Amino acid sequence: MQPLTQGEDRFAAFRHRAFTYYFVTRFFSTFGLQIISVAVGWQIYDLTRDPFDLGLVGLIQFLPALVLILFTGAAADRYGRRTIMMVSEIVIAASAAALVYFAWRGLTSPLPIFAVLLVLGIARAFFSPASQSLAPNLVPARDLPNAIAWNSTSWQTSTIVGPVAGGLLYGLGALAPYLTAFCLFILATIAISLVPPPLKRSRVQAQSWHTLLAGFSYVRNQKVVLGAISLDMFAVLLGGAVALMPVFARDVLELGPAGLGWLRAAPGIGAIAMAIYLASRPVRQHAGITMLIAVGLFGTTTIVFGLSTSPLLSISMLVIMGASDMISVYVRQSLIQLWTPDDLRGRVSAVNMVFVGASNELGEFRAGTMAAFFGPVFAVVLGGVGTLAVAVAWSFGFPALRQIESLDKDAEESRAKLKQQLEKPEISGPGNA
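Residue numbers for the sequence shown follow my numbering, beginning at 464 and rising by one.
Don't take each hint at face value.
Stated by the list, open to error - Simulated DEER-style distance windows between Cβ atoms:
{"#": "1", "residue 1": "Gly634", "residue 2": "Phe836", "range": "23 to 33 Å"}
{"#": "2", "residue 1": "His479", "residue 2": "Ser773", "range": "26 to 36 Å"}
{"#": "3", "residue 1": "Leu533", "residue 2": "Glu717", "range": "20 to 30 Å"}
{"#": "4", "residue 1": "Ser656", "residue 2": "Tyr564", "range": "21 to 31 Å"}
{"#": "5", "residue 1": "Leu574", "residue 2": "Leu635", "range": "17 to 27 Å"}
{"#": "6", "residue 1": "Ala856", "residue 2": "Leu574", "range": "23 to 33 Å"}
{"#": "7", "residue 1": "Cys646", "residue 2": "Leu574", "range": "39 to 49 Å"}
{"#": "8", "residue 1": "Ile653", "residue 2": "Leu533", "range": "44 to 54 Å"}
{"#": "9", "residue 1": "Thr616", "residue 2": "Pro660", "range": "20 to 30 Å"}
{"#": "10", "residue 1": "Phe841", "residue 2": "Arg480", "range": "26 to 36 Å"}
Source of the hints: derived by calculation from the structure; they are not laboratory data. In this text, all values refer to a predicted model and were calculated from it rather than measured experimentally. Idealized CB from N, CA, C, for every residue including glycine.
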């Protein structure tokens with residue numbers, strides 16, 4: 464990811480109308496999903512008081528991305544990415560409407576919520592690869608780094624404001640956050656419908672197992688990409704404590720719904736602060752080592768958070784946790800965006816989505832299950848210790864990752880090698896109408 468230097472147009476991406484509507488779509492959609500995430504967690508824990516059910520929330524949302532991975536990425540590369548986003552957004556809005564109905568009628572069981580979350584997970588499984596791979600089709604190559612920077616800022620802002628808004632709205636009743644999210648999804652649907660269909664950039668190739676598995680082949684052959692993605696996955700899979708926030712907010716730190724919102728927002732605050740820092744002072748040297756150190760810091764702050772009984776210390780640790788995680792995200796996203804050809808971007812994004820989903824949703828299931836058997840503090844502390852172990856193991860298991868210096872220089876060499884690999888046989892992507 465190239466930083467913006469003095470004299471460059473910091474709003475270059477927004478000079479393109481299609482990207483502006485796309486940006487609005489992603490922001491409103493992510494914001495609404497953050498609100499739902501907090502509201503669902505609090506409502507389910509209110510109903511059952513069982514941390515295991517909080518783990519199921521993550522598992523149910525992750526499984527569709529895993530089961531459908533061969534089809535979601537291929538669809539993003541073969542069919543219209545804009546159209547896929549619009550249809551997915553309509554389904555997401557319908558899911559929010561169902562949650563509004565359940566909140567209005569009242570619930571005594573979490574099963575209806577789990578059913579809606581499954582549908583929501585399927586829609587997100589198609590939305591994410593299409594969304595991640597559409598941006599390069601909406602702006603010229605010279606403005607792509609600017610677009611990536613704004614997309615990252617949008618996501619981080621949503622993760623900060625969304626959880627706080629979700630907690631505050633839930634304080635008004637379960638109906639308020641779901642109704643707000645529904646309105647945001649409607650606005651997102653309107654915005655993506657205003658994005659003009661981008662021109663086709665390559666011919667459509669007949670589908671085969673070779674083309675369906677091309678994303679896996681790319682990630683497997685690019686050891687640096689595999690190492691970066693898997694390191695990030697296992698770090699958050701083991702160290703993530705998001706699913707247990709309602710437990711810590713209610714039982715450990717004795718905070719209410721608003722306090723839960725601040726706990727959920729704290730990692731985002733750290734992440735966006737780090738993103739701003741990296742925009743002005745990007746990682747120029749020792750990118751791989753920096754990433755490994757950041758993962759180790761993520762594990763350390765997770766341990767301290769798990770042991771803390773002070774709200775101030777806990778929130779501080781979550782802020783540092785988010786900042787260190789942002790470094791890992793920065794390196795991983797830079798590798799994927801810079802190293803992947805456009806006609807493979809959808810399939811590679813789908814693979815990446817499964818890794819990210821495993822680290823988040825599946826990590827929530829891991830945390831919830833362990834908390835149910837051993838308690839929330841033990842689950843979080845053990846996860847932090849595991850994250851530290853992963854950072855050490857990956858430093859030896861993926862020496863190419865440890866030796867990364869300049870991401871841009873390494874990316875140029877990788878693209879040249881990848882082009883030779885893909886020419887035998889040729890992998891040609893679809894249009895993006």
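With respect to the beta-carbon atoms only, verify the hint that threonine 616 and proline 660 lie 20 to 30 Å apart. 26 Å, holds
26 to 36 Å was suggested as the range; check whether the CB atoms of histidine 479 and serine 773 agree with it. Violated - the Cβ-Cβ distance for histidine 479 and serine 773, about 47 Å, lies outside 26 to 36 Å.
For the hint 39 to 49 Å, verify it against the beta carbon of cysteine 646 and that of leucine 574. Check failed, 26 Å falls outside 39 to 49 Å.
17 to 27 Å was suggested as the range; check whether the CB atoms of leucine 574 and leucine 635 agree with it. Given about 25 Å between the Cβ atoms, the range holds.
Beta-carbon spacing of serine 656 to tyrosine 564 - inside the hinted bounds 21 to 31 Å or not: 25 Å, holds
Taking the CB of leucine 533 and the CB of glutamate 717, does the distance hold inside 20 to 30 Å? Since the Cβ atoms of leucine 533 and glutamate 717 sit about 46 Å apart, the hinted range of 20 to 30 Å is violated.
Could you tell me whether the CB distance from phenylalanine 841 to arginine 480 stays inside 26 to 36 Å? Because 52 Å falls outside the window, the suggested range is violated.
Taking the CB of isoleucine 653 and the CB of leucine 533, does the distance hold inside 44 to 54 Å? Violated - the Cβ-Cβ distance for isoleucine 653 and leucine 533, about 31 Å, lies outside 44 to 54 Å.
The hint says 23 to 33 Å between alanine 856 and leucine 574; measuring C-beta to C-beta, is that right? Cβ of alanine 856 to Cβ of leucine 574: about 39 Å, so the range 23 to 33 Å is violated.
Go ahead and decide if the range 23 to 33 Å is satisfied by the Cβ distance of glycine 634 to phenylalanine 836. 31 Å, holds
Of the numbered hints stated above, those contradicted by the structure are hints 2, 3, 6, 7, 8, 10, listed in ascending order.
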